[in-house]
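Sequence lines, in order, name chains A and B.
Numbering-wise (the working numbering), the first sequence opens with residue 11 and increments by one.
Numbering-wise (the working numbering), the second sequence opens with residue 11 and increments by one.
None of these hints come from the bench; they were simulated from the model.
Since we're looking at a predicted model, the values are computed, not measured.
We put the CB at the ideal spot given by N, CA and C, even for glycine.
It is possible that some hints are incorrect.
[Unchecked claim] Examples of chain B residues toward chain A, derived with CB under 8 Å:
#1 P67
#2 F69
#3 I81
#4 T86
#5 Y90
#6 L106
#7 L113
#8 T114
#9 A120
#10 H123
#11 A159
Number of protein chains: 2
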Amino acid sequence: MPYELHYWPTIQGRGEFVRLTLEAAGADYVDVARGSQKGQGIAATLRRMNAPDLVHPPFAPPFLMHGKRTIGQTATILLYLGPRLNLVGKSEASRLWTHQLQLTIADVVAEVHETHHPIATGLYYEDQKTEAIERAKAFREQRIPKFLAWFETVLARNPASSTHLVGARLSYADLSLFQLVEGLLYAFPTAAERALKKVPHVRALHLGLGSHRRLAAYLGSERRIAFNEDGIFRRYPELDA
Amino acid sequence: MPYELHYWPTIQGRGEFVRLTLEAAGADYVDVARGSQKGQGIAATLRRMNAPDLVHPPFAPPFLMHGKRTIGQTATILLYLGPRLNLVGKSEASRLWTHQLQLTIADVVAEVHETHHPIATGLYYEDQKTEAIERAKAFREQRIPKFLAWFETVLARNPASSTHLVGARLSYADLSLFQLVEGLLYAFPTAAERALKKVPHVRALHLGLGSHRRLAAYLGSERRIAFNEDGIFRRYPELDA
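Let's have the full structure, built from the sequences with the hints guiding it.
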């Protein structure tokens with residue numbers, strides 16, 4: 011039974027953290043809103059999300075449907091997929107720690123969104139650009155270095171491996187940190203390159219995962235949507251420095 | 011073995027979601043940073059958080075120490091405590107759904123923080139007040155109604171109970187929704203009262219929990235820190251309407 015991922019079809023966004031996990035595991039899945047067959051497409055996704063008989067309605071995409079289950083919130087989806095795709099350790103301690111890392115990555119992602127939408131999600135970027143420039147400055151100068159330094163510490167202290175966040179094997183948190191670095195490099199190339207110089211383990215994890223067989227195949231395929239200015243990581247030159 | 015909660019000692023903040031869960035369950039716990047005994051106080055909390063040999067360092071408070079475990083991120087702490095304090099169902103489906111609800115509450119809480127700090131966490135409110143007024147307007151008009159309507163739908167669709175988010179018993183998500191409503195009523199009394207009129211099930215859950223025996227005892231005790239303008243929910247009259 012394939013996993014059904016439901017997410018906006020033209021952006022990486024939060025759905026990309028789920029896509030990477032499914033792709034790295036070689037899982038059988040359908041990216042429903044991107045499909046063109048019957049029962050696919052964004053209208054089908056929204057219809058499912060808004061079905062009045064859905065007992066566990068997601069607040070927003072991404073959500074995963076699998077058998078009778080409907081699961082929303084990126085981190086909850088990964089909590090569900092991790093054990094099934096062998097992308098998390100077996101012990102409770104290792105699962106909680108992996109999840110804690112994921113939630114911290116989610117915090118960074120939320121702050122990235124704030125850099126271009128500091129006033130309102132419902133307004134255009136152009137209508138909050140002045141505030142965005144200020145917000146992005148604080149994010150680049152204070153938040154990127156602080157978050158990356160924390161991930162660097164986590165990698166440096168991992169007794170089993172300094173190229174994995176948890177234990178000695180690939181976890182979904184590694185994939186998410188990879189995506190976070192990809193996104194920062196896209197949105198803030200100057201600031202991210204500068205910050206990455208100070209976190210060699212994070213850089214090594216990012217570089218190393220780039221040659222993961224399945225991941226590399228995915229990244230080179232048409233299934234990988236290019237970064238763009240409708241997603242969460244947006245390249246607005248005035249927000250970088 | 012008591013649970014050790016580590017959080018800023020003078021605010022409810024994110025730590026309050028953990029306090030409510032511990033209190034409602036009658037759990038044996040120490041609010042370490044608020045203690046005055048040896049090994050307690052905020053200095054002790056920061057020393058523990060920054061200990062160089064901590065393999066699972068939290069990014070920020072709150073964090074929970076329990077035996078050899080150190081767990082950060084509010085939602086991860088609740089994921090750990092839920093089954094131990096009997097504040098979550100037994101099935102995987104019910105645990106995931108409770109967690110998904112918690113993460114959506116966490117999203118609202120993060121947006122509440124943005125209403126008074128839309129530009130930078132490192133700046134004073136007074137230095138971003140103009141932007142805060144704009145941000146808060148969008149939050150009041152678009153986000154509060156949208157989030158509360160979703161929780162209303164969840165309660166209305168729960169086949170087992172319309173006064174509990176999950177199944178027929180109290181879960182940590184119910185306690186968190188209670189706290190969210192408390193916070194919104196404190197920070198945005200006019201907007202929150204208006205929004206709550208449209209979500210009778212959310213109101214009923216909030217009212218009902220106010221008379222939960224252990225919770226009521228806690229809320230009336232000195233252990234409950236009053237809301238204040240250093241926390242996440244802040245009453246700045248210019249941000250309400």
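Now for the hints, and whether the structure bears them out:
no.	hint	result
1	P67	holds (6 Å)
2	F69	holds (5 Å)
3	I81	holds (6 Å)
4	T86	holds (4 Å)
5	Y90	holds (6 Å)
6	L106	holds (6 Å)
7	L113	holds (4 Å)
8	T114	holds (5 Å)
9	A120	holds (6 Å)
10	H123	violated (10 Å)
11	A159	violated (10 Å)
In summary, the numbered hints that this structure violates are 10 and 11.
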